[in-house]
Structures are given as structure tokens and as C-alpha cells.
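full-length UniProt numbering numbers the first residue of the sequence shown as 1 and each following residue consecutively.
Hints are computed from structural coordinates only; laboratory data are not their basis. Careful, some of the hints might be misleading.
As the list claims (entries may be wrong) - With a straight-line cut-off of 27 angstroms between C-alpha atoms, the simulated BS3-like cross-links for lysine-lysine are:
| # | residue 1 | residue 2 |
| --- | --- | --- |
| 1 | 147 | 262 |
| 2 | 37 | 77 |
| 3 | 179 | 147 |
| 4 | 262 | 177 |
| 5 | 251 | 179 |
| 6 | 49 | 262 |
| 7 | 147 | 77 |
| 8 | 37 | 251 |
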Amino acid sequence: MGIETALADRKGKEFCELPKVTNTNSKARKSRRRQKKTSPVQKLFETCKEVFSFHGVDNVPSPEDVQRLRSVLDDMKPADVGLTPELPYFRTTPAHRTPAITYLHLYECERFSMGIFCLPPSGVLPLHNHPGMTVFGKILFGTMHIKSYDWVADVPCNTSTHVNSTQIPSSDVRLAKVKVDKDFTAPCNTSILYPTDGGNMHCFTAVTACAVLDVLGPPYSDPDGRHCQYYLDYPFSDFSVDGITVPEEEKEGYAWLNEREKPEDLAVVGALYRGPKIVEN
1 MGIETALADR KGKEFCELPK VTNTNSKARK SRRRQKKTSP VQKLFETCKE VFSFHGVDNV
61 PSPEDVQRLR SVLDDMKPAD VGLTPELPYF RTTPAHRTPA ITYLHLYECE RFSMGIFCLP
121 PSGVLPLHNH PGMTVFGKIL FGTMHIKSYD WVADVPCNTS THVNSTQIPS SDVRLAKVKV
181 DKDFTAPCNT SILYPTDGGN MHCFTAVTAC AVLDVLGPPY SDPDGRHCQY YLDYPFSDFS
241 VDGITVPEEE KEGYAWLNER EKPEDLAVVG ALYRGPKIVE N
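Based on the provided sequences and hints, a complete structural model is requested.
Have a look at this one:
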């Protein structure tokens with residue numbers, strides 16, 4: 001914006017320049033026109049290329065880069081990616097069927113990925129993780145409940161005592177702290193989670209039809225060991241660990257997570273992204 005403003009301030013002066021610089025001014029005007037034509041999704045793509053240019057697993061972008069990408073996402077609107085709530089992805093699903101979630105793939109390379117999850121009412125993305133990733137999430141429209149956790153460091157996983165009736169081996173659960181547990185309604189700020197902080201494991205539940213634009217850096221990759229793992233969460237009181245105590249009034253802020261297979265009823269289908277094109281250059 002600063003560059004565009006400076007160029008605009010000089011616009012009137014350019015017509016008074018000597019003929020020998022006319023060609024340069026013409027190029028400048030063309031450059032300004034190209035800048036004005038840049039779509040928001042193209043700007044997002046260009047910013048991601050810069051922010052994730054030298055970042056790998058567990059290598060978090062600098063605070064300045066995080067804020068730069070966040071500010072671009074904060075300005076994104078449904079129309080910027082060709083979405084409206086009237087599209088078929090967001091229709092209410094009959095009560096006897098599990099709502100299918102639609103994923104619109106925008107872009108992916110080894111350094112980052114961009115995509116949109118479209119959730120109909122009651123659609124759920126189960127509790128899952130983002131190993132070694134920095135994740136930016138922007139709710140484009142609708143209301144979504146988000147519950148997220150971070151692992152509690154230095155808590156042993158193999159000395160707990162099984163005290164509930166779920167028949168889960170106590171050695172398979174791990175203590176996590178609740179980071180977020182509330183509804184978010186667009187427009188709202190972009191959420192950011194980090195490899196070890198910010199709610200790396202989260203669950204999305206659509207209160208109304210909603211869409212969330214996700215940027216992952218780096219993306220999931222099975223060959224590189226970045227698997228999407230799913231979890232079940234259990235109240236803190238369901239298990240106990242020798243030497244681990246939490247005040248009664250704080251117990252709701254903790255849970256035991258147990259890794260599970262991908263839920264059988266999870267239906268995520270791909271669809272063609274029909275918004276403004278992203279041009280690689």
C-alpha cells in the first residue's frame with residue numbers, strides 16, 4: 001500500500017517530465033496497472049512464497065513474517081476466492097447422513113499449501129494435529145466452534161493408572177491443555193497455531209454453514225513424516241498419573257488424548273476451485 005500511495009502522489013508530475021523519460025514513465029504506469037489488477041488470492045500466494053521461502057519443519061517464520069501473512073489473510077473475503085453461502089457445498093445434510101466436507105485445493109508445493117474447507121451445518125473436522133507446521137486459518141463466513149489443545153510437556157505417558165471404563169490402555173493416553181474452546185463468527189481475525197503452541201491439535205464443528213481458508217507451512221507429507229493423526233479426547237478425571245495433580249477448578253482445562261485411526265465416517269471430498277486464478281511466476 002505504501003508503494004502504491006507513493007506512485008499515486010507522483011502521478012501528476014509524470015506528465016511534466018521531459019520526452020527522454022516518457023518510456024520509463026510508461027513502464028511505471030503499466031506496473032501500477034498490474035499492481036491494481038493483482039487479486040487478493042494472488043497477493044496471498046505471493047506473500048506465502050516469501051514468508052515460507054526458507055522455512056522447513058519446526059522452523060517458524062519470524063514474528064514480522066507471521067504478522068505480514070496474517071494481515072493479508074485478515075483482509076480476505078469470500079468473494080476473493082469465488083465463494084458464496086449459496087453454493088451446494090454448504091447445503092444442510094439430511095439428519096441420517098454425516099455431513100460431507102468439501103476441500104478446494106488452491107495451491108501446494110513442498111514449502112506451503114493453500115486450501116479451503118467448506119463445511120455444511122453440523123459438519124465436523126475431527127480432532128487432528130499438524131506436526132512441525134505453522135498453520136494460518138481464516139474463517140471466511142459463518143460460525144464455527146473450535147476446540148484446540150497443546151501437549152503438556154514432560155508428562156510421562158507410561159505410568160498412568162486406568163480409572164475409567166473405556167478399556168483404553170493407560171499408556172496410550174497423553175496429557176494436553178485446552179488452548180481454545182469457543183465459537184468464532186466471521187468476520188474475525190486469522191488464527192495461528194505453531195508446532196508446539198497455539199493449539200496444534202484442533203477440531204472444527206460448523207455451527208452454521210462456514211468456510212475456512214487454511215495455509216500450512218510446510219504441508220502434510222507422509223514421505224517426510226508429517227502424517228495427519230487423529231485423536232479422541234477424555235476428561236482429565238478419567239485417568240490419573242502418579243505425581244500429576246491439577247486443582248479441581250482447572251480440570252476442565254486439561255484432557256487426555258488418545259491417538260486413533262482416521263474416523264470411518266469422515267467424508268472430505270475434493271472439488272474444483274473456481275475462484276480467481278493463481279499465477280505462478
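Outcome of the hint check:
1. 147 with 262: 18 angstroms, holds
2. 37 with 77: 17 angstroms, holds
3. 179 with 147: Measuring from Cα to Cα gives roughly 7 angstroms; hence the hint holds.
4. 262 with 177: Since the Cα atoms of residue 262 and residue 177 sit roughly 22 angstroms apart, the hinted pair holds (cutoff 27 angstroms).
5. 251 with 179: Measuring from Cα to Cα gives roughly 13 angstroms; hence the hint holds.
6. 49 with 262: Judged against 27 angstroms, a Cα distance of about 31 angstroms means the pair is violated.
7. 147 with 77: 23 angstroms, holds
8. 37 with 251: 53 angstroms, violated
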